[in-house]
Amino acid sequence: MNAIILSALCGVVMMFSGILLKNKSAIKYVAIAALLVLIIGNLFQFYGIYTIDIDSKGLLSFDRTGLFFNTIIFVATLAYFILSGSDIERAGPDVAEYFALIFFVLCGVTILTSFNGLLMFFIGIEILSIPLYILTGSDKKNLKSNEASLKYFLMGSFSTGILLMGITLIYGATGSFGLQSTTIKSAVTGFSSAGILAPVGLVLLFISMCFKVSAAPFHFWAPDVYDGAPSVFTSFMATIVKAAGFFAFIKLFAAKSEDFGPGPAWKLILFVIIVATLFIGNITAVFQQSVKRMLAYSSIAQAGFMLFALYSTNDFTKDGILLYTAAYSFATIGIFSILTKMEDYSLDGFNGLSKSQPVLAFTNTVFFLSLSGIPLTAGFFAKYYMLASAIKGGGSLSLVIIAVLFAAVSVYYYFKVIQAMYFKEGVAATNTPITGNFKVALIVLAAIIVILGIYPTALLGFYYF
Amino acid sequence: MPIQYYIYLALSLFSIGVVGVLTRRNAIIIFMCIELMLNATNLLLVAFSKMHHAVALASNTATQVGIEGQLFVFFIMVVAAAEVSVGLAIIVMMYRNTHSVDINFLNRLKN
Amino acid sequence: MAITHIIFWFLTALALVSALMVLLSKNPVYSVLWLIAVFFAISGHYILLNAQFLAIVNMIVYAGAIMVLFLFVIMLMNLDKETEPQKDIWMKVAGVISGGCLLIQLVRLAKDAPEMVNKTALLKTGSIGLIENLGKVLFSDYVVPFEISSVLFLSAMVGAVVIGKK
Numbered sequence: 007m008n009a010i011i012l013s014a015l016c017g018v019v020m021m022f023s024g025i026l027l028k029n030k031s032a033i034k035y036v037a038i039a040a041l042l043v044l045i046i047g048n049l050f051q052f053y054g055i056y057t058i059d060i061d062s063k064g065l066l067s068f069d070r071t072g073l074f075f076n077t078i079i080f081v082a083t084l085a086y087f088i089l090s091g092s093d094i095e096r097a098g099p100d101v102a103e104y105f106a107l108i109f110f111v112l113c114g115v116t117i118l119t120s121f122n123g124l125l126m127f128f129i130g131i132e133i134l135s136i137p138l139y140i141l142t143g144s145d146k147k148n149l150k151s152n153e154a155s156l157k158y159f160l161m162g163s164f165s166t167g168i169l170l171m172g173i174t175l176i177y178g179a180t181g182s183f184g185l186q187s188t189t190i191k192s193a194v195t196g197f198s199s200a201g202i203l204a205p206v207g208l209v210l211l212f213i214s215m216c217f218k219v220s221a222a223p224f225h226f227w228a229p230d231v232y233d234g235a236p237s238v239f240t241s242f243m244a245t246i247v248k249a250a251g252f253f254a255f256i257k258l259f260a261a262k263s264e265d266f267g268p269g270p271a272w273k274l275i276l277f278v279i280i281v282a283t284l285f286i287g288n289i290t291a292v293f294q295q296s297v298k299r300m301l302a303y304s305s306i307a308q309a310g311f312m313l314f315a316l317y318s319t320n321d322f323t324k325d326g327i328l329l330y331t332a333a334y335s336f337a338t339i340g341i342f343s344i345l346t347k348m349e350d351y352s353l354d355g356f357n358g359l360s361k362s363q364p365v366l367a368f369t370n371t372v373f374f375l376s377l378s379g380i381p382l383t384a385g386f387f388a389k390y391y392m393l394a395s396a397i398k399g400g401g402s403l404s405l406v407i408i409a410v411l412f413a414a415v416s417v418y419y420y421f422k423v424i425q426a427m428y429f430k431e432g433v434a435a436t437n438t439p440i441t442g443n444f445k446v447a448l449i450v451l452a453a454i455i456v457i458l459g460i461y462p463t464a465l466l467g468f469y470y471f
Numbered sequence: 008m009p010i011q012y013y014i015y016l017a018l019s020l021f022s023i024g025v026v027g028v029l030t031r032r033n034a035i036i037i038f039m040c041i042e043l044m045l046n047a048t049n050l051l052l053v054a055f056s057k058m059h060h061a062v063a064l065a066s067n068t069a070t071q072v073g074i075e076g077q078l079f080v081f082f083i084m085v086v087a088a089a090e091v092s093v094g095l096a097i098i099v100m101m102y103r104n105t106h107s108v109d110i111n112f113l114n115r116l117k118n
Numbered sequence: 029m030a031i032t033h034i035i036f037w038f039l040t041a042l043a044l045v046s047a048l049m050v051l052l053s054k055n056p057v058y059s060v061l062w063l064i065a066v067f068f069a070i071s072g073h074y075i076l077l078n079a080q081f082l083a084i085v086n087m088i089v090y091a092g093a094i095m096v097l098f099l100f101v102i103m104l105m106n107l108d109k110e111t112e113p114q115k116d117i118w119m120k121v122a123g124v125i126s127g128g129c130l131l132i133q134l135v136r137l138a139k140d141a142p143e144m145v146n147k148t149a150l151l152k153t154g155s156i157g158l159i160e161n162l163g164k165v166l167f168s169d170y171v172v173p174f175e176i177s178s179v180l181f182l183s184a185m186v187g188a189v190v191i192g193k194k
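Chains as they are written, first to last, in the numbering used here: chain A, 7 to 471; chain B, 8 to 118; chain C, 29 to 194.
Same shape as in the complex, but just chain A (with noise of 0.2 Å):
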């Protein structure tokens, strides 16, 4: 509960911090203040210390795992505001409103992570996307925000219109909003027994989770929107958003799933859309001219591996949907922050960077090799941890060899990057000029991504003990 309330009132307090503050720069360390505040009343929740205890009545139900993610999606977004924190300052003329709607975000994301129920579940859904629609379309005047902004409202209503038939159906069949015993398990099982409303209404369910995290076949959206999108936004909403969403579609679909597996049919709905999300990520990546636009495709490809964790759920999957998070923010958002500061964001406009910026190139590189999956990268660990829950969860051996045949692809388009960087000539330029403790914070970001892939049980030690 702490995190839920002091994420609202984080908000409200950027709300006036607006009228109050005039220096821009300000703004944007009272945000970074709001978000330690934020960081540790959750912490002092993981850790039993002191809790707001408020009885919600059974809506909101609050597990280790969840508050860990918490801490994991805070972490990120206070790298995200470090790195980037000037980047929004010179977003638009708002930036307290700015500040506020992200941390009406992380309110959404914290009830996504606690929710127990399809009412908590449905609103904290909503509270997470209304402000990203408006992010989308901060930059008023350019029209490819705009048009971002209205295609992404209108993908999103209407994925929340056939969300909520299936809710309907579910509780027409099941009577209750829970999630505990009968509904969602009798509607994942029901495929097989005598009840049909649930399991079209789990269908419908799925189909716009599908949508709201991207994954194939209903990712059409998400190449348009985040491309289109201030870079930004876009960093924020590819990384910490997502990761939310495969949280809440995760808990949604598996959590209550521990003691009996998932039947074969959703098996093979799931693996189908596995192997489109990562065919059509990984191999439209490819043929991307422009690193924003390529980064969109990625996300798309690795929201094909987090879907891993809905394949199997087993003592592997949760760990590994921490460290896919984990690995998975931190990178992007070291390379969006690098982004935003770059002048032409093709691929041609990083030829040469590592002459003129040596340590943007170099920590870019470790980034693009977390994301990639190299070994002694955190990227490494956690998707193996998602493979190896997929081997352990039943012999579904040929999925993970198509999942290894696609990271060797994305190795590829990760390295035009890296190649462009370092083996082309030419003058990467900046559109400001960087800051000796921008590039600090990029090296503590790197060092974190590399410890993690040494020790990934650093992370999770944490979560365990």
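It is possible that part of the hints are untrue.
Unchecked claim - Chain C side only, calculated, beta carbon under 7 Å to chain A, not exhaustive:
| no. | residue |
| --- | --- |
| 1 | Ala-141 |
| 2 | Glu-143 |
| 3 | Val-145 |
| 4 | Pro-173 |
| 5 | Leu-180 |
| 6 | Ser-183 |
| 7 | Ala-184 |
| 8 | Val-186 |
| 9 | Gly-187 |
| 10 | Ile-191 |
Just so you know, the hints here were simulated from the structure itself, not pulled from any lab data.
What you are looking at is a predicted structure, and each value in this text was computed from that prediction instead of being measured.
Virtual Cβ for every residue (Gly too), placed ideally from N, Cα, C.
With chain A fixed as given, assemble chains B and C onto it according to the hints.
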């Protein structure tokens, strides 16, 4: 009234909304069709809530079973109101720049 | 045929015809007006189901506030002419076919659903839809989501200001 009739009615309204989203080009009309979809689910939720209530009423006359369905409808209305305010603001912003609400403009993003 | 049945079928027909007219009207203003008719029909259904609170809220919030907002925006944009360019006819056919398939599939599944056989929705009686009962539950068991939805409104408000400001 048999619950099947309500299911058919709600699904028909829902599908009409889906067809509208798929076939129309005016962003405002698409948005209205989405509202139609939400209303179809609202109607079905209330019907289901009364259905569960009817079942529970047979054994206990003071039961409140089914009330959560109607509260869910209340929350859907809350969310829809918030969504409308944001959505119309986005559509107006788009209109200011392009003087059109035709969603075929959105295809330019692909290039 | 009891009077409630007549009302049920009348409201059903009204809702379906109006919903179709929302789709078929060329002029956006007419679409809005037909949609208001749908909402009134649905409100009628709520009254028939004895969900009086929702019936009133539906009329006030949807038909009253939301649709008037739509109407304002359409008037503001001067879209009251038949300005919508025609979509490719094949796209329309494809849309109608896929929507029709969805409907047929869902209805077929619902028709076969064994859990829905011989279930009825209680008409006219049942007190759960009354404002007293709903209010008591809303402010006791559901007070947390009720308060949390204020975050939603706050973000929508901030958003509308950010987007709407010149």
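Hint by hint, here is what the structure shows:
Among the interface hints, the one on Ala-141 (chain C) holds; its C-beta lies about 4 Å from the nearest C-beta in chain A, closer than the 7 Å criterion. Hint status for Glu-143 (chain C) relative to chain A: holds, with the closest Cβ pair at about 5 Å, below 7 Å. Annotation: interface hint on Val-145 (chain C) violated; nearest CB of chain A at approximately 11 Å, more than 7 Å. Hint status for Pro-173 (chain C) relative to chain A: holds, with the closest Cβ pair at about 6 Å, below 7 Å.
Contact between Leu-180 (chain C) and chain A, as hinted, is supported at the beta carbon level, the nearest pair being about 5 Å apart and thus within 7 Å. Interface hint status for Ser-183 (chain C): upheld, as the beta-carbon distance to the closest one in chain A is roughly 4 Å, under 7 Å. A hinted interface residue such as Ala-184 (chain C) counts as satisfied when its beta carbon comes closer than 7 Å to some beta carbon of chain A; here the least separation is about 6 Å, so the hint holds. Against a cut-off of 7 Å between C-beta atoms, the interface hint on Val-186 (chain C) holds, since the closest Cβ of chain A lies about 5 Å away.
The interface hint given for Gly-187 (chain C) holds, since its Cβ lies 4 Å from the closest Cβ of chain A, which is under the 7 Å cut-off. Given hint, Ile-191 (chain C) at the interface with chain A, holds; its Cβ is 6 Å from that chain's nearest Cβ, closer than 7 Å.
In this structure, the one hint that does not hold is number 3.
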